[in-house]
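The listed protein sequences derive, respectively, from chains A and B.
First residue of the first sequence: 153, per this note's numbering; consecutive thereafter.
First residue of the second sequence: 153, per this note's numbering; consecutive thereafter.
The hints are simulated quantities; they were obtained by calculation from the structure and are not laboratory data.
A few of these clues could be false.
The list makes no distinction among identical chains, and a pair is therefore deemed to hold if it is satisfied within one copy or across any two copies.
Below, computed lysine-lysine pairings styled on DSBU-like, alpha-carbon distance capped at 35 Å [stated by the list, open to error]: (1) 402 - 276; (2) 385 - 450; (3) 162 - 418; (4) 272 - 457; (5) 465 - 249; (6) 167 - 303; (7) 192 - 403; (8) 428 - 384; (9) 437 - 276; (10) 156 - 402.
There are 2 protein chains.
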Amino acid sequence: MIEKFQHIIKEEVEKYSAQLPLHPSELYNPIRYVLSLGGKKIRPLLTLLACDLFNGNNEEAIPAAIAIELFHNFTLVHDDIMDNAPLRRSKPTVHSKWNSSIAILSGDVMLVKTYELLTKASQKSHIVLDTFNEMAIKVCEGQQFDMNYEKANHISVLHYFKMIEYKTAVLIAASLKIGALIAGASNEDAANIYEFGKYTGIAFQLQDDLLDIYGNEEKFGKQQGGDIISNKKTFLLLKAIELSSLNAYKKEELAQWLSFVPVSEKDIKQKVEGVKNIYDFANVKKITENEINICHQKALVAFHKISASKEKKDMLINFTSSLLKRDV
Amino acid sequence: MIEKFQHIIKEEVEKYSAQLPLHPSELYNPIRYVLSLGGKKIRPLLTLLACDLFNGNNEEAIPAAIAIELFHNFTLVHDDIMDNAPLRRSKPTVHSKWNSSIAILSGDVMLVKTYELLTKASQKSHIVLDTFNEMAIKVCEGQQFDMNYEKANHISVLHYFKMIEYKTAVLIAASLKIGALIAGASNEDAANIYEFGKYTGIAFQLQDDLLDIYGNEEKFGKQQGGDIISNKKTFLLLKAIELSSLNAYKKEELAQWLSFVPVSEKDIKQKVEGVKNIYDFANVKKITENEINICHQKALVAFHKISASKEKKDMLINFTSSLLKRDV
Chain A
153 MIEKFQHIIK
163 EEVEKYSAQL
173 PLHPSELYNP
183 IRYVLSLGGK
193 KIRPLLTLLA
203 CDLFNGNNEE
213 AIPAAIAIEL
223 FHNFTLVHDD
233 IMDNAPLRRS
243 KPTVHSKWNS
253 SIAILSGDVM
263 LVKTYELLTK
273 ASQKSHIVLD
283 TFNEMAIKVC
293 EGQQFDMNYE
303 KANHISVLHY
313 FKMIEYKTAV
323 LIAASLKIGA
333 LIAGASNEDA
343 ANIYEFGKYT
353 GIAFQLQDDL
363 LDIYGNEEKF
373 GKQQGGDIIS
383 NKKTFLLLKA
393 IELSSLNAYK
403 KEELAQWLSF
413 VPVSEKDIKQ
423 KVEGVKNIYD
433 FANVKKITEN
443 EINICHQKAL
453 VAFHKISASK
463 EKKDMLINFT
473 SSLLKRDV
Chain B
153 MIEKFQHIIK
163 EEVEKYSAQL
173 PLHPSELYNP
183 IRYVLSLGGK
193 KIRPLLTLLA
203 CDLFNGNNEE
213 AIPAAIAIEL
223 FHNFTLVHDD
233 IMDNAPLRRS
243 KPTVHSKWNS
253 SIAILSGDVM
263 LVKTYELLTK
273 ASQKSHIVLD
283 TFNEMAIKVC
293 EGQQFDMNYE
303 KANHISVLHY
313 FKMIEYKTAV
323 LIAASLKIGA
333 LIAGASNEDA
343 ANIYEFGKYT
353 GIAFQLQDDL
363 LDIYGNEEKF
373 GKQQGGDIIS
383 NKKTFLLLKA
393 IELSSLNAYK
403 KEELAQWLSF
413 VPVSEKDIKQ
423 KVEGVKNIYD
433 FANVKKITEN
443 EINICHQKAL
453 VAFHKISASK
463 EKKDMLINFT
473 SSLLKRDV
């Protein structure tokens, strides 16, 4: 079933791309480009799975699923300008392939087109739009928090949680809830699947933070320790800074590594190893795994309250759990 | 009535600004800022007037009117980044007062908030959204055409008309149509008021082009000839270039003025005078006035087909005509 839905999404995204206008090409080529870059397209899949969970008509959920993928890509295009990122999914970002003006404007069109799809989405477009709007505002706020925190000297783990909830988790949550709403799920079920998605999304992000340093590079495809090299404020780093188990000496050592700007390959290796040693000393890996587990449990509590067939619930939970079981 | 509606809009925009969240301030302060900059707020006024024309409940049209003003300001914030404009309404633009990232992201939130207002707008939000989406896509396409044409060697008057229709006129048209739809106007009346707005909007833009050089500077508040100084592709310039009445000698003179980059005040005066002489020689002022008149007539043809009380129709037409009667 998962494969079938994945196939449907792939086909529908291609169909959507193909029917976009040709002119002005500066506006629509970037949209076709980002949609063709691949990516796992997990969010629209969750919309279809949630619709199916409540015995909805999957056909009816397809425009909303495409809308969610389009919105996700809109955020990537605009975030990449703000973050000055040259690459996305190993390919040039829109603003570096074209320019910032084109990236701003084609992003804007993607957002309008998202709403066009949602408006046409279903008879229930009104409640779908309410859920979507609330989520989209949080996603923008989350990006602003992220930019603020990047400049801040230190932020608390609590602030970090709010940031990843807004920037990442609510889109996962809304992807599921919108599928449920289209299927005609009860308010309670819709609220529970949203909670499930929210905690699952937070767990994903923590997992991402963990994989950066404890992941299998070959399998995960990222340079190990990229977050450490760039001093990224991940859960691991913020937790290590906050931990009272870290004595003054280790705290000072961590601060020194943070102010060390690696130049050579050797420097990089040293910094990654140095910070990792402190993480190991403070047991940060275990603490992060515990936190992921807590989020997972919270997600499950909400999930268990959902009224749906056991078979379909198992399929959804197996899928989301498999996403969390990437190699650590 | 006009004053009453203007007062309502002023109050409602202020109320809307006041209830925006305080945090993250980097996201919401720019929105409060642009909404406080003034501007004539003609578009939301047209929405209320159109709603009133078809005996709608003005209260019901207010969220859509605010949405339209918010959308208009969103386009200004993003366009100003793309155009690298330091000032808007004589005040620093968002990206120059804060930075580009904040201007991109607060613009994005404005667009989402526009949809939030439209979704809550009325029982008719579905048809309102369809009209809005179609318009918003054209506005983005219009901005792209504008950016393309700025770089192009020459564009035809025909292309110019399409650009101003998309970038400027369809928002005027949709502001009216949305007011009409909320009032429950017939499809025919809604289509006619859209046509009326479209041609009125094109006439406004042509008028703007004309006023740049033939306007009364003190009254109009702009430096005379700003478009000439910056070689802006206005209707007047494109028409002068296309005119067969312009002999080869004059064409060459115009081309020379276009390649002349003024440095001193004296240079500026010379360039403005030089181009204006060619415009006068080619009768471009009269030709533009004729074109405005043609648009005005097309607007009136659509307007006369509208079924509504004479009194209310007179009020609307007097208002839009007064906007066209700025000093030339």
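In ascending order, which of the hints set out earlier in this document are inconsistent with the structure? 1, 3, 5, 7, 9, 10
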